[in-house]
Amino acid sequence: DTGVSQNPRHKITKRGQNVTFRCDPISEHNRLYWYRQTLGQGPEFLTYFQNEAQLEKSRLLSDRFSAERPKGSFSTLEIQRTEQGDSAMYLCASSLGLAGSPGELFFGEGSRLTVL
Amino acid sequence: GENVEQHPSTLSVQEGDSAVIKCTYSDSASNYFPWYKQELGKRPQLIIDIRSNVGEKKDQRIAVTLNKTAKHFSLHITETQPEDSAVYFCAASLNSNSGYALNFGKGTSLLVTP
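Going down the list, the protein sequences come from chains R and B.
Everything in the first sequence is counted per the numbering used here, starting at 1 for the first residue and increasing by one.
Everything in the second sequence is counted per the numbering used here, starting at 1001 for the first residue and increasing by one.
Since the hints were made in silico from the structure, they are not lab data.
It is possible that some hints are incorrect.
Unchecked claim - Straight line, CA to CA, 27 Å or less: simulated DSS-like cross-link-like pairs of lysine-lysine: (1) R:57 <-> B:1037; (2) R:57 <-> B:1058; (3) R:11 <-> B:1042; (4) R:71 <-> R:11; (5) B:1042 <-> R:57; (6) B:1058 <-> B:1022; (7) R:57 <-> B:1106.
What the hints assert, rightly or not - Some but not every residue of chain B turned toward chain R, in silico, with C-beta under 8 Å: (8) 1008; (9) 1089; (10) 1104.
Glycine included, every Cβ here is placed at the ideal spot set by N, Cα and C.
Looking at chain R on its own, in the form it has when it is part of the complex (with noise of 0.2 Å):
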């Protein structure tokens, strides 16, 4: 499968634990996104990377938050602390992106975490 993969696919931990999520985009691909999805609502932007660079950060995507992209391949999401509030779907998405125009953005099938 050369689609966008996510791992693990679920997690259940205590309030207050970490947690992380990874991301592997479509190998060309150079943008890549994460969103947050809860039950009955559209995916919600959190970061996206141009490369290795983290461009754009949403007002959701607290200090608990941190993602990285270190070489410009795959992708990590922490969650530090974790809150009860922080269960939903995780879905990374990526792109290949040409300068001044948006490309298509295949997605993952997500990281489902539940803080218990």
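Take the given structure of chain R and dock chain B to it, following the hints.
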């Protein structure tokens, strides 16, 4: 920032009928408007998109129209089939600083009954 409103939230049609979903957006600078289909427990998948220099685009049973003046766009599905049942999301692109990240509507749950 960009705000995307989507209506209706649920839509039930009989097989063979047409379905129309409407969205409005707030940022006149948005220039890319995709539609995604998400089946239960699966990832969102692009079904059709339109860019701001085009008013209408069609792909077999699916069409999208865009009215930039009114800042609204619509998805039209003709001759609906049970396998069209899913949640459909419209989206509008944010600015280039965010890599044209998408701002999504809340979704329309479409049910096509045989």
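inquiry  = Could you work out which of the previously given hints the structure breaks and list their numbers from low to high?
reply    = Numbers 2, 8, in rising order.
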